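Protein chains in written order, with the numbering used here: chain Y, 3 to 372; chain G, 3 to 372.
Take these hints with a grain of salt, some might be off.
A pair counts as met if it fits within one copy or between any two copies, since identical chains are not told apart.
What the hints assert, rightly or not - Listed next, the in silico DSSO-like pairs over lysine-lysine satisfying Cα-Cα at most 30 Å (straight line):
(1) 131 - 344
(2) 344 - 137
(3) 131 - 56
(4) 368 - 245
(5) 300 - 224
(6) 130 - 300
(7) 368 - 137
(8) 51 - 63
(9) 112 - 368
(10) 226 - 100
(11) 51 - 112
(12) 132 - 56
(13) 344 - 245
(14) 245 - 100
(15) 131 - 215
(16) 112 - 226
(17) 368 - 51
(18) 224 - 245
(19) 137 - 112
(20) 368 - 100
(21) 215 - 300
Don't read these hints as lab results, they were simulated from the structure. Nothing here was measured: the structure is a model prediction, and the numbers come from that model.
Protein chains: 2
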Amino acid sequence: MHPRLAAIEETLLMGPGPSCVPPQVYEAIAASTIGHMDPRFVEVMDEVKVFLQKLLNTSNKLTIPMSGTGSAGMETCFVNLVDPGDSVLVLMNGVFGKRMADVATRLGAKVDTLEFEWGTPVIVDDVKKKLDSAKYTIVAIVHAETSTGVCNPVAEVGSLLAGTDSLYLVDTVTSLGGIPVEMDAWGIDALYSGTQKCLSCPPGLAPVSFSEKALGKLGSRKNKVPNWYLDLTMITQYWEGRKRVYHHTAPVNMIYALHQALALILDEGLENVYRRHMENHQALAAGLEEMGLSLLVKPESRLPMLNAVCIPEDVDDAGVRSALLNEHRIEIGAGLGPLAGKVWRIGLMGHTARRESVDRLCDALKSVLN
Amino acid sequence: MHPRLAAIEETLLMGPGPSCVPPQVYEAIAASTIGHMDPRFVEVMDEVKVFLQKLLNTSNKLTIPMSGTGSAGMETCFVNLVDPGDSVLVLMNGVFGKRMADVATRLGAKVDTLEFEWGTPVIVDDVKKKLDSAKYTIVAIVHAETSTGVCNPVAEVGSLLAGTDSLYLVDTVTSLGGIPVEMDAWGIDALYSGTQKCLSCPPGLAPVSFSEKALGKLGSRKNKVPNWYLDLTMITQYWEGRKRVYHHTAPVNMIYALHQALALILDEGLENVYRRHMENHQALAAGLEEMGLSLLVKPESRLPMLNAVCIPEDVDDAGVRSALLNEHRIEIGAGLGPLAGKVWRIGLMGHTARRESVDRLCDALKSVLN
């Protein structure tokens, strides 16, 4: 007999995602699988769309979870909107901005980047100058840069683009469900997220939303979308309308889980959820400071759900992370790229963002560092 | 409070997938989420690879589940192997062959097709003539054509390609776990499948496997794979080797479920599993015949796990399917494309392939048709 996994010991997930999953979501993911064309499943799909619209503060009809992880959401936005030769400006201050530039380049876009130091936010005045000097089909930014813990000024950049022909593409993988996301008010045209961060659902789906302007670009494509699996012109025929046209078999149980995760957030109330993230972030920052540890990002640009902690010079990065995982069953994240070995990334996402998580981590970290 | 889904009533899934999920797999999918870089999760990944290799009868190192449904597997195989201008021959006798041609065309391949009547298999002699007349970079075929219930001669076509430069690409979405798949012996270079058919795991993952020859083609690409999310040159760095390089967050709980589903199949024994599919198919065919119903496909080309049943002229297609679903909680599938309204597709996949499913369906169908 092969081993059973149900015995996997629970871990306090305080890395950059996945985050802790509430019991109701585990219950939902294990609910009885039904067919992807079953009218009862269509009801679940319709509710998921409404839940996502509420969370994104959007009236966009095309607001659905794609059948892949957050990076599939990034791929979806670019592959549906980029025609070869289109100009794309990526505002870049971390791994995920860099990934955007890679994705768009592979699709034949002329990619320009405006780079900012890792750990600091995008500077709106610099963006303004850049936009004054050239026109772009798409301008892309990461709301919550998971690699550094920086919150970028998505609303302000959106104001610069208002009234222009450019499409505004925003990564909200780590922000959604932890800080406000105002898709319509901020003028966002294409947005993607992931389930395993502040939504506290296991990884596997990527919510995306397209504005009417983005749909216009999609509708005026000269060629078919060069990615059958993520082609929104076909996928929307399954997710919308009376006649649900089969495209691919939807990941039914993952969508159950997302449905429940979103319901929990809406039941708690968005303001309460955001306040909970902020209060626990402040408690964590205070606890870390008390230990003599400092955060990479200046207070005014810090994300509540992703805290990049500078590793003191004499401390063994991997050793501390292993000790936390093996002795305390707490996962924190390593640094990425130029920040590898220099920071730990401590997540306070969704169900993880509770006072007991903060206390458990601070106690464990004290014991490991001593 | 938003509604809970755990109360969704169980359905006997006898359509073209998803199939019924065994209780152990529900238990596994709800096991505690851990990090995608956690050494315990790496162990699960390593076991999944070995389980898949056994099921595919392959020693291919690159044998992994992609983070998307079966169609993402199709996209993965083509997008990694097709360079623009490559010639691709698709052997086509149903929806999924047609989909292959669409996917490859979008990627810039010169696609040629050899078509056979829906409901009949690919004819090996015709393929031989075609291959004598032209050379192809890739030759693609669907093993079990889910839209018609036909089993295609994958081994025989493989023999024709032995020793040539062509890559042999095979869709085993519906066949894998229900009838033998001999990846290495049949000379298959690239193969994809899905979890929601005979593996009896919820939809959401796409097992793929690449031969050394396929890896050679991948390694000699002139340009980056034009799909970041499905780029195997990067994904293998996460799935293989000592240093697991983060690519995207793996769908942890779906991989738990696949692990358990594969373990159940291997525990039962492949020969036993295939026999169970065949015996229940024979019982179903007999039961349907007794009712005066006939199967679309001739006995020698029938798939055990997907039975296309001709709808009698005076019978209301949708009405019967709705009655089965609403009154008997049994799902069967509609016909696709030219077979819409002409056939029902009755699945006997994985955990569904049990005598009690056959009996329940035959009883229900009798009562609905009378």
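Here's how the hints hold up against the structure:
Within a single copy, residue 131 and residue 344 get their C-alpha atoms no closer than 32 Å, and across copies no closer than 63 Å, so neither meets the 30 Å cut-off. Taking the closest pair of Cα atoms, residue 344 and residue 137 never come within 30 Å of each other, the shortest separation being 37 Å inside a single copy and 54 Å across copies. Taking the shortest alpha-carbon separations for residue 131 and residue 56, neither the intra-copy value of 34 Å nor the inter-copy value of 59 Å comes in at or below 30 Å. For the homomeric pair residue 368 and residue 245, the shortest alpha-carbon distance between copies (28 Å) is at most 30 Å, but the shortest distance inside one copy (58 Å) is not.
Proximity of residue 300 to residue 224 under the C-alpha cut-off of 30 Å is found in neither arrangement, the shortest distances being 45 Å within a copy and 43 Å between copies. In this assembly of identical chains, residue 130 and residue 300 lie within 30 Å of each other by CA distance solely inside one copy; the values are 23 Å within and 68 Å between copies. With identical chains, the CA atoms of residue 368 and residue 137 are never at most 30 Å apart, being 51 Å at best within one copy and 66 Å at best between copies. When the C-alpha separation of residue 51 and residue 63 is checked against a cutoff of 30 Å, the pair qualifies only within one copy, where the shortest distance is 8 Å, while the shortest distance between copies is 40 Å.
When the C-alpha separation of residue 112 and residue 368 is checked against a cutoff of 30 Å, the pair qualifies neither within a copy, at 49 Å, nor between copies, at 62 Å. When the C-alpha separation of residue 226 and residue 100 is checked against a cutoff of 30 Å, the pair qualifies both within a copy, at 26 Å, and between copies, at 16 Å. Taking the closest pair of Cα atoms, residue 51 and residue 112 never come within 30 Å of each other, the shortest separation being 33 Å inside a single copy and 38 Å across copies. Neither within a single protomer nor between protomers do residue 132 and residue 56 lie at most 30 Å apart by alpha-carbon distance, with minima of 33 Å and 55 Å respectively.
For a Cα distance limit of 30 Å, the shortest separation of residue 344 from residue 245 across copies, 19 Å, qualifies, whereas the shortest one inside one copy, 53 Å, does not. Within a single copy, residue 245 and residue 100 get their C-alpha atoms only as close as 40 Å, which misses the 30 Å cut-off; across copies the closest is 22 Å, which meets it. In this homomeric assembly, residue 131 and residue 215 come within 30 Å of each other (Cα to Cα) only inside a single copy, at 24 Å, whereas the closest approach across copies is 50 Å. When the C-alpha separation of residue 112 and residue 226 is checked against a cutoff of 30 Å, the pair qualifies both within a copy, at 19 Å, and between copies, at 15 Å.
Taking the closest pair of Cα atoms, residue 368 and residue 51 never come within 30 Å of each other, the shortest separation being 43 Å inside a single copy and 39 Å across copies. In this assembly of identical chains, residue 224 and residue 245 lie within 30 Å of each other by CA distance solely inside one copy; the values are 26 Å within and 42 Å between copies. In this assembly of identical chains, residue 137 and residue 112 lie within 30 Å of each other by CA distance solely inside one copy; the values are 12 Å within and 35 Å between copies. For the homomeric pair residue 368 and residue 100, neither the shortest alpha-carbon distance inside one copy (34 Å) nor that between copies (60 Å) is at most 30 Å.
Taking the shortest alpha-carbon separations for residue 215 and residue 300, neither the intra-copy value of 35 Å nor the inter-copy value of 51 Å comes in at or below 30 Å.
The structure does not agree with the numbered hints 1, 2, 3, 5, 7, 9, 11, 12, 17, 20 and 21 stated previously, though it agrees with the rest.
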